[in-house]
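**Q** The residues making up each chain are set out below.
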Amino acid sequence: MYLNELSKNECAKIISISCADKLKARLNSFGITRNSEVLVIEQTLSKNTIEIKVNNTKIALRKSEARYIEVEKLSCKN
Amino acid sequence: MQKLIKIALVGQPNVGKSMLINSISNSKLKVGNFSGVTVEKTVVEFEYENYLLQITDLPGSYSLSDYTLEEKVTKNYLQDSDYDIILNVVDSTNLERNLYLTTELLELDKKMVIALNMSDEAKKENISIDEEQLSKILGKPCIKTSAKNKQGVDELIKNLIKKFETKKLESKLIFSDVIEEEISNICTLLEEKNFSSDTPYRDLAVKLLKEDKQTFLKFHNEPIWIELQPLVNNSFEHLYIHFHTKNMQDIFDDEKFAFAKGAVKETVTLNEKIEDKSLSDKIDNILINKFVGLPIFLFLMWVLFQLTFELGNIPMDIIDSFFASLIDSTKNALGDNQISSVIADGAIAGVGSVILFLPNIVILFFGIALLETTGYMSRVAFLLDGFFHKFGLHGKSFIPLVTGFGCSVPAYMAARTLKNEKDRLLTLFIIGFMSCGARLPIYVLFTGAFFSKENAGNILFLIYISGALLGLLAAKVLTITAFKNEDEPFVMEMPKYRMPSFKLIWHTVSNQALMYLKKAGTFILAASILIWFASNYPKHLEYEEMVNTKIEQASNINEIEKLENELALYNLENSYLGMVGKFSQPLFEPLGFDWRMTVALETGLAAKEIVVSTLGILYGLGEENTEESDTLINKVKANIPFVSAISFIVFVMIYLPCLAASMVFAKEAGGWKYLVYLFIFTTVTAWVLSFIAYNVAKVIVS
Chain A
132 MYLNELSKNE CAKIISISCA DKLKARLNSF GITRNSEVLV IEQTLSKNTI EIKVNNTKIA
192 LRKSEARYIE VEKLSCKN
Chain B
2 MQKLIKIALV GQPNVGKSML INSISNSKLK VGNFSGVTVE KTVVEFEYEN YLLQITDLPG
62 SYSLSDYTLE EKVTKNYLQD SDYDIILNVV DSTNLERNLY LTTELLELDK KMVIALNMSD
122 EAKKENISID EEQLSKILGK PCIKTSAKNK QGVDELIKNL IKKFETKKLE SKLIFSDVIE
182 EEISNICTLL EEKNFSSDTP YRDLAVKLLK EDKQTFLKFH NEPIWIELQP LVNNSFEHLY
242 IHFHTKNMQD IFDDEKFAFA KGAVKETVTL NEKIEDKSLS DKIDNILINK FVGLPIFLFL
302 MWVLFQLTFE LGNIPMDIID SFFASLIDST KNALGDNQIS SVIADGAIAG VGSVILFLPN
362 IVILFFGIAL LETTGYMSRV AFLLDGFFHK FGLHGKSFIP LVTGFGCSVP AYMAARTLKN
422 EKDRLLTLFI IGFMSCGARL PIYVLFTGAF FSKENAGNIL FLIYISGALL GLLAAKVLTI
482 TAFKNEDEPF VMEMPKYRMP SFKLIWHTVS NQALMYLKKA GTFILAASIL IWFASNYPKH
542 LEYEEMVNTK IEQASNINEI EKLENELALY NLENSYLGMV GKFSQPLFEP LGFDWRMTVA
602 LETGLAAKEI VVSTLGILYG LGEENTEESD TLINKVKANI PFVSAISFIV FVMIYLPCLA
662 ASMVFAKEAG GWKYLVYLFI FTTVTAWVLS FIAYNVAKVI VS
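In order, the protein sequence lines correspond to chains A and B.
132 is the number of the first residue of the first sequence in this note's numbering; add one for each residue after it.
2 is the number of the first residue of the second sequence in this note's numbering; add one for each residue after it.
Think of the hints as simulated: they come from the structure by calculation, not from any bench.
Just so you know, nobody snuck in bad clues.
Derived DSS-like pairs (lysine-lysine); straight-line CA-CA distance at most 30 Å: (1) B/Lys214 to A/Lys153; (2) A/Lys155 to B/Lys291; (3) A/Lys204 to B/Lys283; (4) B/Lys73 to A/Lys153; (5) A/Lys184 to B/Lys283; (6) A/Lys155 to B/Lys262; (7) B/Lys211 to A/Lys144; (8) A/Lys139 to B/Lys291; (9) B/Lys291 to A/Lys184; (10) B/Lys124 to A/Lys208.
Computed Cβ-Cβ distance ranges for the label pairs, DEER-style: (11) B/Ile242 to A/Lys144: 21 to 31 Å; (12) A/Lys144 to B/Ser467: 46 to 56 Å; (13) A/Cys150 to B/Gln80: 18 to 28 Å; (14) A/Arg198 to B/Asn248: 14 to 24 Å; (15) A/Cys150 to B/Leu299: 31 to 41 Å.
Beta carbons are placed, not taken as given, at the ideal position from N, Cα and C, and that holds for glycine.
Use the sequences and the hints to build the structure in full.
**A** Structure below.
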């Protein structure tokens with residue numbers, strides 16, 4: 132499944148990121164890398180924009196970018 | 002003899018770089034600005050013992066890529082400029098991500114000192130870092146600092162000086178065993194063949210593994226290539242198997258993250274968190290909530306604009322009357338001649354029009370700086386992005402666009418909050434569609450003249466709303482046509498909420514205000530003088546004398562006024578500006594404008610307020626008329642057909658706001674060519690829509 136398919140307060144582990152190198156480098160520099168864990172904090176009403184938490188960083192991204200990120204659902208740690 | 006140490010200050014956004022620079026240099030701040038489009042590098046100089054430390058504060062970058070303007074500026078500076086030491090500021094509460102940038106900086110192979118900033122916050126969050134161990138791993142001194150509490154600042158300066166005085170150690174970025182093995186294999190071959198090269202063997206090996214084109218090209222023409230090729234090939238095969246991917250870029254990226262992760266694992270101990278939700282999370286729960294987030298934001302915006310334009314109007318009125326009296330007294334002092342006219346009506350009036358916007362700019366920028374430094378601005382973008390993205394805009398476009406309803410000058414400057422070039426340009430292009438305050442007098446005059454009192458308000462509202470809708474539509478059109486190739490993604494950090502430092506905000510605001518005065522000021526001043534010249538020359542002395550003698554002979558005030566106005570009308574009609582107006586009138590014929598309306602429109606390029614006073618002169622009333630004066634309303638009603646008035650309003654809604662705004666636009670967009678584009682874009686749109694409005698209105702009326 133992909134990052135945009137998660138609902139609020141769900142956690143997941145990133146399996147792969149498949150998009151253009153430039154965007155990938157950008158995602159990486161925020162800590163969105165293979166094997167890191169994400170938590171979906173909030174979605175807007177239209178679900179076009181989501182806020183996630185990776186490590187200790189909160190990041191906002193659009194649905195159109197989130198669908199490049201393949202994830203595997205995990206149960207949240209706390 | 003004082004020694005100069007040039008320091009490049011680098012760090013990711015929101016790590017407190019500017020705050021650190023502020024507490025290092027304290028009050029001895031001497032700030033200058035590089036010329037740049039929107040992203041400025043700030044240089045701060047201060048003395049310490051026998052040294053002069055010159056710190057260049059580079060824009061915040063997540064990595065050394067070309068993704069954003071900031072990153073480009075930072076990357077280019079670090080690669081091409083002359084500096085002695087890199088000062089890398091990292092956020093102690095988010096070490097792992099910050100170390101990605103640090104590993105990239107290590108590759109630059111320069112002297113470096115690392116400031117583990119925000120150590121106070123880390124303490125609060127129960128994160129402890131072993132800085133000695135981290136120094137060993139990175140091979141660079143790491144110093145705990147807290148810009149907020151001014152801790153560790155002295156030690157940081159001492160370390161910078163120590164680093165400056167010692168010889169540079171060869172910095173080594175160590176990779177994982179798998180890669181190190183391949184590197185040493187390649188190095189061994191190069192050593193055995195005694196390959197001659199200026200670059201160290203290790204660097205060559207790394208470059209080969211990174212698939213660096215230049216290096217391959219260089220080796221390709223060497224005899225050693227025969228032996229090197231199978232070896233490198235072999236290395237690749239090994240790495241592919243080990244990393245489960247054939248993308249070398251990915252492999253080295255993974256290495257970078259593994260290095261950062263490893264360094265964090267060895268040096269950071271995260272104690273049990275006392276509370277599971279930080280204050281930031283709690284605030285976020287409310288501010289970006291699906292339902293109450295937007296209303297709260299709209300309320301805050303309402304407050305900001307009330308302050309900007311209500312509070313800002315008080316000093317504006319004072320400035321306005323100050324310059325009006327200054328112009329009068331200058332004229333009185335210098336007498337009625339050409340020099341006094343160019344000084345008073347040209348220069349002083351020009352300077353006045355620049356300074357007039359200053360209160361607005363300062364208040365608005367204070368508000369925006371407050372929103373940005375607290376971290377709220379990113380939440381705004383998050384909330385609004387869904388809507389604005391439909392039109393190809395960005396969530397943050399909202400603020401400059403709404404500011405545009407007040408005045409385009411601060412609005413263009415507010416677009417700086419957009420970090421992406423395409424988003425910023427697009428926003429800049431459509432700000433003009435939001436009718437600014439200065440167009441209001443024209444609307445009031447025309448709606449007053451052509452619509453009943455009950456309807457005038459509604460029409461006014463309709464004008465503003467349709468302007469805004471047109472703007473969004475124009476954004477959409479521009480996205481599909483002019484900006485179609487660059488669909489930039491939206492990935493943005495939501496920084497922690499922080500209490501703002503007012504000293505820092507003031508520093509930003511005063512800096513921006515100063516730059517506005519300096520850069521926009523000079524151009525606006527020059528252009529004001531030009532327009533003054535165009536509307537006052539050539540002189541018609543004979544006619545003037547003739548009228549003046551008539552005035553002297555005139556018996557009552559009414560007659561004098563009439564004559565004076567006749568003179569003003571004659572002068573304007575025969576000035577260069579009038580000639581241009583008459584000359585270009587055929588262009589506006591299809592829109593139903595006579596030459597008077599054409600000239601009024603053209604003077605409106607200088608400032609929209611002038612349109613009403615020009616119409617006053619041209620319709621024979623003198624320039625003392627305001628939009629509310631009944632006589633002007635009646636004159637306009639009598640002289641301008643209803644259909645022409647409609648098309649005039651449409652034209653005013655869309656074409657260039659004013660001279661000051663145009664200058665600021667050119668500066669913010671990054672070149673005069675954009676102003677040419679904007680001029681063509683707005684004028685053509687205005688013409689076409691006026692033409693449509695004129696003809697539709699004609700059909701309806703008849």
